[in-house]
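Here's the letter readout for the chains.
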Amino acid sequence: AQTVTQSQPEMSVQEAETVTLSCTYDTSESDYYLFWYKQPPSRQMILVIRQEAYKQQNATENRFSVNFQKAAKSFSLKISDSQLGDAAMYFCAYRSGLGNEKLTFGTGTRLTIIP
Amino acid sequence: DAGITQSPRHKVTETGTPVTLRCHQTENHRYMYWYRQDPGHGLRLIHYSYGVKDTDKGEVSDGYSVSRSKTEDFLLTLESATSSQTSVYFCAIFDPSAGGKKQYFGPGTRLTVT
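These protein sequence lines are chains A and B, in that order. Okay, so the first sequence: first residue is 1 according to our numbering, each after it adds one. Okay, so the second sequence: first residue is 1001 according to our numbering, each after it adds one.
Just so you know, not all the hints are guaranteed correct.
Lysine to any residue pairs mimicking SDA-like chemistry, simulated, CA-CA at most 20 Å apart [said to hold, decoys possible]:
hint, chain 1, residue 1, chain 2, residue 2
1, B, Lys1070, B, Asn1028
2, A, Lys55, A, Ser76
3, B, Lys1057, A, Gln44
4, B, Lys1102, A, Arg95
5, B, Lys1102, A, Ala16
6, B, Lys1057, A, Ser76
7, B, Lys1011, A, Gln44
8, B, Lys1102, B, Val1113
Quick partial rundown of chain A residues pointing at chain B, CB under 10 Å, derived from the structure [what the hints assert, rightly or not]:
hint, residue
9, Phe68
10, Ala72
11, Leu98
These are computed hints drawn from the structure, not numbers from a lab. The model shown is predicted, which means the values in this text are computed figures rather than measured ones. Beta carbons: idealized from backbone N, C-alpha and C, even for Gly.
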């Protein structure tokens, strides 16, 4: 079974600064996908960024980027120019490429933005 | 998001009573999921469905059953609610046509079992 580990329960960053959230995973599969979801106080789960394991290039979405290290099974999220609206719980998630499309989540990192 | 609604949004019930949560989608997607979210655990998969009347168990399925008689509806039932089932429940759908094949979540249902 796949596991996803987020070792930082809480993080904080000064507004406009850069912060990196860590995620490691364990799998024996070669075909899979990795995700970062954001959950603000509204509780809505919002997809931030997605990475296919077969792609060597790190995914980027505006101020959000990932550092995908396949051999190390590491998938960190970097948020640049942090904004107050980035304050949320962030979840790392894994999905097998073999079908059924279910997600395995980490336990989350609560990000606080300091004005 | 992606036409997913959950009902009810909040519910308080007593131990031992049956509870049914409903997930409704307007997008006609094949895959639907039920997760629960608890502090320190993230989201964990309860059950999922890959078509009408086709369902399978997730990692925390004990005490829960599901049904899917129509593509658009996926029901989660707690036959006899227990305090350990107090949680926030999320429904999700998988959209293979979305850029990047995305999984979208409903707004969640907060269930309290007293």
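Numbered hints the structure breaks, given as an ascending list: 3, 5, 6, 8, 9, 10 and 11
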